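J.: So the protein lines, in turn, are chains L and U.
Numbered according to this note's numbering, the first sequence terminates at residue 115, and the numbering increases by one at each position without gaps.
Numbered according to this note's numbering, the second sequence terminates at residue 119, and the numbering increases by one at each position without gaps.
Keep in mind the hints are simulated off the structure, nothing from the lab.
Bear in mind that the values here come from a model prediction, so they are computed numbers and not experimental data.
We put the beta carbon where it would ideally sit given N, CA and C, even for glycine.
Check the hints yourself; a few may be wrong.
Claimed, not checked - Straight line, CA to CA, 30 Å or less: simulated DSS-like cross-link-like pairs of lysine-lysine:
(1) L:Lys57 x U:Lys111
(2) U:Lys78 x U:Lys111
(3) L:Lys69 x L:Lys18
(4) U:Lys111 x U:Lys55
(5) L:Lys17 x L:Lys65
(6) L:Lys57 x U:Lys73
(7) U:Lys55 x U:Lys73
(8) L:Lys65 x U:Lys111
(9) U:Lys70 x U:Lys55
As the list claims (entries may be wrong) - Stretches of chain L that chain U covers, calculated by requiring three or more beta carbons in the stretch to come under 8 Å of a beta carbon on chain U:
(10) 44-51
(11) 76-84
So you can see what is in the structure, the chains are spelled out below.
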Amino acid sequence: EAQVTQNPRYLITVTGKKLTVTCSQNMNHEYMSWYRQDPGLGLRQIYYSMNVEVTDKGDVPEGYKVSRKEKRNFPLILESPSPNQTSLYFCASSLTGSGFSYGYTFGSGTRLTVV
Amino acid sequence: AQTVTQSQPEMSVQEAETVTLSCTYDTSESDYYLFWYKQPPSRQMILVIRQEAYKQQNATENRFSVNFQKAAKSFSLKISDSQLGDAAMYFCAYRSALYSGGGADGLTFGKGTHLIIQP
Chain L
1 EAQVTQNPRY
11 LITVTGKKLT
21 VTCSQNMNHE
31 YMSWYRQDPG
41 LGLRQIYYSM
51 NVEVTDKGDV
61 PEGYKVSRKE
71 KRNFPLILES
81 PSPNQTSLYF
91 CASSLTGSGF
101 SYGYTFGSGT
111 RLTVV
Chain U
1 AQTVTQSQPE
11 MSVQEAETVT
21 LSCTYDTSES
31 DYYLFWYKQP
41 PSRQMILVIR
51 QEAYKQQNAT
61 ENRFSVNFQK
71 AAKSFSLKIS
81 DSQLGDAAMY
91 FCAYRSALYS
101 GGGADGLTFG
111 KGTHLIIQP
């Protein structure tokens, strides 16, 4: 089954403790992206990657890191999480070029709480 | 930067009736893609329907159809014969057809419309 797999689905952590949210896709998509969803704000892009070793900032990159060492994986790293990073996070992937017209495939989301 | 506006935070419709969700967007580009995503309580983001700006014909997927007005920059979603399973948040999204390189690149979402289905 074609899918984007995120782990974990739920995470509660303490301020300052480094964490990684994993994302993997099995569709050979070049493009991958991370979004956060907050009430009343919709979804906002954190980082994206056009291909292996190519990453760039989205609208809200502060406090986050990403890497794209393999085509299928795109982990999101919070080096020192703070309470304002409490949110619902989505990983997504898509084809590029005219393939963008097919939209993104989203993971199931990670509910992160930082206390 | 592109913006997407959904002016209806919440809509309610009787089961089996028709409802239309509004979406407008602001862009200076001529080539782009528009999408409606559904987010049920399971929080999964599900693609409902998509439209390519160069196509004049409105997209249709079973009970879901759009009214795409390019000049007016409007992209409304019509749900016919509403069912209980249609209850969800609906997000309108825009994507440029071109990769601009550097800076934000990706789907731009509206803030969503919460659709309630009355039995």
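J.: If a hint holds in the structure, say so; if it doesn't, say that too.
T.: Hint by hint, here is what the structure shows:
Of the supplied pair hints, the one linking L:Lys57 and U:Lys111 holds, its CA atoms being roughly 21 Å apart against a limit of 30 Å. Taking the CA atoms of U:Lys78 and U:Lys111, the gap is near 18 Å; set against the 30 Å cutoff, the hint holds. A C-alpha spacing of about 20 Å is found between L:Lys69 and L:Lys18, which places the hinted pair at or below 30 Å, so the restraint holds. Our distance criterion of 30 Å between C-alpha atoms is met by U:Lys111 and U:Lys55, whose separation comes to about 26 Å.
Taken as a hint, the L:Lys17 and L:Lys65 pair is honoured in the structure, with Cα atoms around 14 Å apart against an allowance of 30 Å. For the hint linking L:Lys57 to U:Lys73, the alpha-carbon distance of about 27 Å falls within 30 Å, and the restraint holds. With a C-alpha separation of about 14 Å, the suggested pairing of U:Lys55 with U:Lys73 holds against the 30 Å cut-off. Among the hinted pairs, L:Lys65 with U:Lys111 is consistent with the structure: their alpha-carbon atoms are about 25 Å apart, no more than 30 Å.
Under the criterion of a C-alpha separation no larger than 30 Å, the hint pairing U:Lys70 with U:Lys55 is consistent with the structure, at around 10 Å. Judged by the Cβ-Cβ criterion of 8 Å, the segment 44-51 of chain L is covered by chain U as claimed, because 4 of its residues qualify and three suffice. For the segment 76-84 of chain L, the stated coverage by chain U is not satisfied: 0 residues place a CB nearer than 8 Å to a CB of that chain, which falls below the threshold of 3.
The structure shown violates just one earlier hint, number 11.
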